[in-house]
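Colleague: Chain order of the listed sequences is L and F. According to this note's numbering, the first sequence holds residues 16 to 315 in order. According to this note's numbering, the second sequence holds residues 6 to 129 in order.
Just so you know, these hints were derived from the structure itself, not from any lab. Here the structure is a predicted model, which is why all the values come from computation and not from measurement. Positions of the beta carbon are idealized from the N, C-alpha and C atoms, including for glycine. One or more of the hints may lead you astray.
Stated by the list, open to error - Estimated spans, in silico, between C-beta atoms of each pair:
no., chain 1, residue 1, chain 2, residue 2, range
1, L, 148, F, 92, 27 to 37 angstroms
2, F, 8, L, 79, 31 to 41 angstroms
3, L, 164, F, 20, 43 to 53 angstroms
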Amino acid sequence: MAADPYQTLGVKRDASQADIQKAYRRLAKKLHPDLNPGNKKAEEEFKNVSAAYDLLDDADKRARFDRGEIDASGAERPQQRYYRDFAEGAHSYASDSGFADFAGTDDILSEIFGRGGRSNLRMRGQDAHYRLELDFLDAVNGGKQQLTLPDKSVLDVTIPPGTRDGQVLRLRGKGHPGLGGGPPGDALIEVAVRPHPILTRKGDDIHVELPISLKDAVLGGKVQVPTPSGSVAMTIPKWANTGRVLRLKGKGVPRPDGTRGDELVTLKVMLPEMPDPELEKFVAQWQPARAGASRRATGV
Amino acid sequence: MEAREFILQSRLDAEVVEAWVEAGWLLPRQEGATRDFSEVDLVRAQLIQDLGRLGANDEAIPVILDLIDQVHGLRRTLRDLLSAIHAQPEAMRRWIVADLRTTGLNRPNDDSAPAPPSDESREH
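Let's have the full structure, built from the sequences with the hints guiding it.
Modeller: Written as C-alpha cells, this is what we have:
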C-alpha cells in the first residue's frame, strides 16, 4: 500500500483526530467484510482504510508520517482472514435462531432449518433413520409392523397399503428428543420390500406368470390365480396361447385414493410333467391343417 | 491453540481475553482447566476489536455478534438450499423460480411503510 492515508480516508491533512475517527467509522461500516458478508470487493478497500486509520489514529505515528519519517507502507494489517471466512462452517458460534421459527412448520422442508446451532437454543431434535424389511404382501396390503430399535425399544409402524420398495415413512415426533424444550425429531423409516416368489410389481399393477394345462389352453376353463388379496377364479378363453395377457381389473396394488391397480396374468402353457402316452398317441394321430403354421407365425 | 498462543496472535491482553470468554463473546473449547482456541476464535476476536473501533460499546457488541451469527446461519442455509436447487433438473429449477415469483407477487406490499433513513442522511 502506498496511497496517501489522508486521501484514503477522505480527510484534509489538518483534520482533527475526531474527524479522522469519524471518517474511518463511516467508511468501515460500509466496508467491513464481516458486516457486509456478501460483498467480496469491500475487503481490499477495508484493508486500505484500516491501514490508513492505524497510521493516522496514532498521534505519534501521524506526526512522523507528516514529517516524512515513515511512509504508509508500515501500517498494513497482517490479517487477511475475516470471521465470515469461517462463520458459515460448523463451529460453536453457528446460530440458527434467525429461522428457528421455520423449524416448527409441519413440512418435510423444516429439516433444512434444524441443523447445528448452539446447544443453549431451543432446538428440534434430530431425525432418526431406520430401515424396515417387509414381505411383498405386507407392503402391498399395508398393516401394522413393529420395528425394534437399537436400544431395544419397539416402534409401532403403520404401513400404508401400496408401500413401495425404497419408500420412506415418517413417524412424527418419534426421532431424537429436542434440545432446550424443542420438539423431538421424526423417525424416518426406509422400507425395503422382499421379493415375492411369483408376484412382481410394476407401478400399481401386479404381474404374474400363470402356468396352464394344455387342455385349458385349447378348450378354455376356470383356474385359480394368486393375487395380493388372495386367490381368485379366472376364466381362460379357448385357444389361449403362451404369452397371452389377461387383465384382472382392480386386483393390483391399492392406491391412496382407494382404487387399485390391475393384475396382469401372463399365460404359460405347460405340458404335463411326466410323459403321457395317451397324449403322445393323440398328437401322433393329429394332422395339423397347415403344417408349420405356428413356426411361420413366429418368423423362425 | 493454547491461551498463551492466542493472546500473542490476537495481540490482546490476557485480561481482555478472559473478560470476553466470561461474557461468552468467545467460546474456546474448555478441556479441564486449559482452553483450546481455534482459528475461528482468532478472527472473531479481530471482529470484536474492529467493532470497538467502529464505536460499538460493550452493550452493543454482543447484540451485533448475535446478529452476525444469525446472518451467517441464514447465508449458510440459503447457500445449501441454492445448491440443492441447482442440482435439480432444469424443469424443476424453472418451476421453483416461477413459484418464488408468484409468492413474491402475492406478498402484501410494504411500499407504503416509511423507508428507513439512509446512511448519508443520518450523518449530516
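Colleague: Determine for every hint whether it applies to the structure shown.
Modeller: Structure-based check of each hint:
1. One distance hint, 27 to 37 angstroms for the beta-carbon pair residue 148(L) and residue 92(F), holds here, with the actual separation near 30 angstroms.
2. Our hint of 31 to 41 angstroms for residue 8(F) and residue 79(L) holds, since their Cβ atoms are close to 34 angstroms apart.
3. At roughly 51 angstroms, the beta carbons of residue 164(L) and residue 20(F) sit within the given window of 43 to 53 angstroms.
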